[in-house]
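Here are the chains, one letter per residue:
Protein chains: 2
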Amino acid sequence: MKIVLDAMGGDHAPQVNIEGAVETVQESDDIEVILVGDEAAIRKELKSRKHKPGRISIVHASQVVEMHEATTTAIRKKRDSSIRVGVGLVKAGRADAFVSAGHSGVVMGTSLLLLGTSKGVDRPAIATLMPTLKDTFILLDVGANVDCKPENLQQFALMGNIYCRLILGREQPKVGLLSIGEEDVKGNELTKEAFKLIKQSSVNFIGNIEGKDIFTGIADVVVCDGFIGNVALKISEGLAETILKMLKKEIANVTAGKLGYLMLKPAIRNFKKRTDYDEYGGAPLLGINGTSIISHGRSSAKAIRNALRVANDFARKRVYEAISEAIQSDLTARTG
Amino acid sequence: MKIVLDAMGGDHAPQVNIEGAVETVQESDDIEVILVGDEAAIRKELKSRKHKPGRISIVHASQVVEMHEATTTAIRKKRDSSIRVGVGLVKAGRADAFVSAGHSGVVMGTSLLLLGTSKGVDRPAIATLMPTLKDTFILLDVGANVDCKPENLQQFALMGNIYCRLILGREQPKVGLLSIGEEDVKGNELTKEAFKLIKQSSVNFIGNIEGKDIFTGIADVVVCDGFIGNVALKISEGLAETILKMLKKEIANVTAGKLGYLMLKPAIRNFKKRTDYDEYGGAPLLGINGTSIISHGRSSAKAIRNALRVANDFARKRVYEAISEAIQSDLTARTG
Chain U
1 MKIVLDAMGG DHAPQVNIEG AVETVQESDD IEVILVGDEA AIRKELKSRK
51 HKPGRISIVH ASQVVEMHEA TTTAIRKKRD SSIRVGVGLV KAGRADAFVS
101 AGHSGVVMGT SLLLLGTSKG VDRPAIATLM PTLKDTFILL DVGANVDCKP
151 ENLQQFALMG NIYCRLILGR EQPKVGLLSI GEEDVKGNEL TKEAFKLIKQ
201 SSVNFIGNIE GKDIFTGIAD VVVCDGFIGN VALKISEGLA ETILKMLKKE
251 IANVTAGKLG YLMLKPAIRN FKKRTDYDEY GGAPLLGING TSIISHGRSS
301 AKAIRNALRV ANDFARKRVY EAISEAIQSD LTARTG
Chain A
1 MKIVLDAMGG DHAPQVNIEG AVETVQESDD IEVILVGDEA AIRKELKSRK
51 HKPGRISIVH ASQVVEMHEA TTTAIRKKRD SSIRVGVGLV KAGRADAFVS
101 AGHSGVVMGT SLLLLGTSKG VDRPAIATLM PTLKDTFILL DVGANVDCKP
151 ENLQQFALMG NIYCRLILGR EQPKVGLLSI GEEDVKGNEL TKEAFKLIKQ
201 SSVNFIGNIE GKDIFTGIAD VVVCDGFIGN VALKISEGLA ETILKMLKKE
251 IANVTAGKLG YLMLKPAIRN FKKRTDYDEY GGAPLLGING TSIISHGRSS
301 AKAIRNALRV ANDFARKRVY EAISEAIQSD LTARTG
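Protein chains in written order, with my numbering: chain U, 1 to 336; chain A, 1 to 336.
Among these hints, one or two may not hold up.
Note that the list lumps identical chains together, so a pair holds whenever it fits in one copy or between two copies.
[Stated by the list, open to error] As a list, the in silico EDC-like pairs of lysine to aspartate or glutamate whose alpha-carbon atoms are at most 16 angstroms apart:
no., residue 1, residue 2
1, Lys245, Asp122
2, Lys119, Asp135
3, Lys91, Glu210
4, Lys186, Glu23
5, Lys52, Glu19
6, Lys196, Glu183
7, Lys192, Asp30
8, Lys317, Asp30
9, Lys186, Glu69
10, Lys149, Glu189
11, Lys192, Glu19
12, Lys134, Glu241
13, Lys44, Glu189
14, Lys248, Asp122
15, Lys317, Glu66
Please keep in mind that the hints were generated in silico from the structure rather than gathered at the bench.
Using the sequences plus the hints, can you model the full thing?
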């Protein structure tokens with residue numbers, strides 16, 4: 001697979017991006033990386049790193065979208081940005097997938113603009129993996145659509161289900177609807193309507209699940225609108241960081257604490273790994289007619305490497321086609 | 001102050017409720033507790049505990065609302081429940097505040113039905129305290145209203161502000177709006193409209209704040225609709241529990257872990273205390289024309305004691321009157 005990597009996107013670009021690309025082609029046999037961005041800067045970074053020849057190429061793009069830019073303006077005005085040029089390569093059939101740790105709104109908007117939605121899909125969704133006590137679950141949407149209709153949530157359920165089956169390899173994913181009570185009738189207007197629609201769908205729907213239960217592994221896929229999902233994701237990130245800081249502070253306050261902390265270090269390192277977003281390698285944009293992966297702005301080389309691996313997997317398994325088929329056949333089954 | 005305690009509400013009622021009441025009158029000089037519920041059961045529990053005479057009384061109620069009951073049915077049909085009788089005592093002027101660890105929907109509905117909203121208030125809100133790295137913040141609404149209008153959020157901002165000033169004693173609370181980006185224009189339709197209204201209000205509005213920042217102590221009051229607030233609260237509870245479990249599991253996997261854990265125990269105990277909802281003693285129902293406190297269903301005797309203390313504080317400072325005044329004067333200032 002040929003994966004386009006936005007060399008300029010992210011807080012530590014282009015260094016970590018190119019490091020991630022180089023490591024990827026060293027480790028894998030089936031990935032070619034096309035680096036898009038400032039050619040001189042990319043060449044300079046590449047020069048200082050050994051890599052297999054022929055599996056990394058460069059396509060120049062003269063502009064960079066900065067993190068603070070307004071989404072619509074950046075999409076309209078920066079026609080030669082690394083994001084625009086990169087997604088354009090997928091659109092033109094010259095690459096199989098796009099990965100960026102840059103401005104997520106612009107990555108999403110540009111992917112939607114150039115690639116369009118898969119047939120049958122009304123709105124795309126950003127899906128992210130989150131840790132549970134046992135494994136992981138998929139949360140979607142985490143920010144593509146802040147105001148959703150019940151039909152959107154129903155499609156998110158179908159899309160998350162395909163992601164879980166094809167990429168995580170779980171046969172019959174348990175799909176839950178994020179709400180404020182387990183009973184069928186609990187929720188707000190949006191979730192109450194969405195509940196009825198998802199119940200009629202061809203997914204293994206386990207009903208409403210509460211925020212307190214999502215991390216127990218009760219569901220493989222958790223569906224919500226993009227506002228709630230983004231708040232939930234950010235709260236989880238913030239709280240996990242805060243809890244570790246609080247623990248460290250408390251530890252510093254007790255006499256035997258520092259020694260205890262040293263002895264616990266391997267455990268804390270393992271724990272951090274389990275809750276480390278770098279490990280999951282980026283959030284796929286589901287419902288787009290192609291493969292587009294959004295990586296965290298703070299991505300390290302490891303995160304980039306994982307995002308390239310995820311992109312390769314999504315493209316190879318043609319997840320976007322499976323999503324389109326699932327949504328169309330679900331519609332046929334429900335409406336005849 | 002005379003505080004009514006629902007003796008029958010909560011997972012560990014009536015034992016812990018009565019234990020909490022007895023401890024409260026032992027410790028404080030200015031609280032009388034009226035226990036409402038099954039008189040025989042209450043007398044039996046009281047008998048086995050020493051307590052100062054004259055500061056605890058009993059009012060009989062023949063029915064108990066179970067946790068699984070539908071809110072509207074329970075309110076309509078159980079006219080002699082401990083919740084209904086208890087709130088009735090406040091309504092009749094025979095007590096200053098009501099506390100229950102029972103069915104929160106029924107406590108809210110009954111309080112609203114019997115006491116009504118404070119003058120000027122459209123919708124009440126449930127406010128809860130959450131820990132930050134430095135101190136605490138108030139999150140509201142956490143479940144009274146799952147579908148809100150922008151005006152409701154604006155009133156929540158004013159109500160949270162009063163709570164923070166009068167009860168937590170912070171002079172100029174920083175009030176934030178929970179959203180998905182810091183910029184003024186970020187958010188969904190509801191928060192974008194609410195942003196404009198709160199900005200015109202007489203609170204120290206610091207704008208949108210993201211989920212990842214709420215635990216840093218950036219704001220004293222965080223405003224959101226009841227669906228988001230409830231999800232946020234439950235996710236925080238669930239994640240905190242999960243993180244501690246994950247840490248314990250990781251610790252069990254490393255050789256020196258168990259010894260390290262023993263040495264860290266005081267730190268973990270302090271940490272648990274800081275994140276322990278029992279410590280905060282219940283969530284006030286703001287905007288009701290009277291004092292009504294909802295305690296966690298899993299309340300311990302300590303949680304009940306803290307809820308009684310909070311109820312005493314709210315009643316003594318007449319928070320519900322201050323809220324009414326603030327909302328009316330804000331309306332006058334904005335509309336003339």
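Same-copy or cross-copy closeness of lysine 149 to glutamate 189 [CA-CA at most 16 angstroms]: both (10 angstroms within a copy, 13 angstroms between copies)
Intra- versus inter-subunit Cα pairing at 16 angstroms for lysine 119 with aspartate 135: Neither: 32 angstroms inside a copy, 51 angstroms across copies.
Same-copy or cross-copy closeness of lysine 196 to glutamate 183 [CA-CA at most 16 angstroms]: within (13 angstroms within a copy, 35 angstroms between copies)
Within, between, both or neither: lysine 91, glutamate 210 at alpha-carbon 16 angstroms: Intra 40 angstroms, inter 34 angstroms, cutoff 16 angstroms: neither.
16 angstroms Cα threshold - placement of aspartate 30 relative to lysine 192: neither (45 angstroms within a copy, 46 angstroms between copies)
16 angstroms Cα threshold - placement of glutamate 69 relative to lysine 186: between (39 angstroms within a copy, 13 angstroms between copies)
Alpha-carbon proximity between lysine 134 and glutamate 241, which holds within one copy, between copies, both or neither at 16 angstroms: So lysine 134 and glutamate 241 pass the 16 angstroms test across copies only (14 angstroms; inside, 20 angstroms).
Intra- versus inter-subunit Cα pairing at 16 angstroms for lysine 317 with glutamate 66: neither (32 angstroms within a copy, 50 angstroms between copies)
Alpha-carbon proximity between lysine 317 and aspartate 30, which holds within one copy, between copies, both or neither at 16 angstroms: Within one copy only: 14 angstroms inside, 70 angstroms across.
Identical-chain pair category, lysine 192 with glutamate 19, by Cα at 16 angstroms: Neither: 47 angstroms inside a copy, 40 angstroms across copies.
Intra/inter-copy verdict for lysine 248 and aspartate 122 if alpha-carbon distance must be at most 16 angstroms: neither (46 angstroms within a copy, 44 angstroms between copies)
Within, between, both or neither: lysine 186, glutamate 23 at alpha-carbon 16 angstroms: Classified as neither; 48 angstroms inside a copy, 37 angstroms across copies.
Hint compliance for this structure: hints 1, 2, 3, 4, 7, 11, 13, 14 and 15 are not met, and every other hint is.
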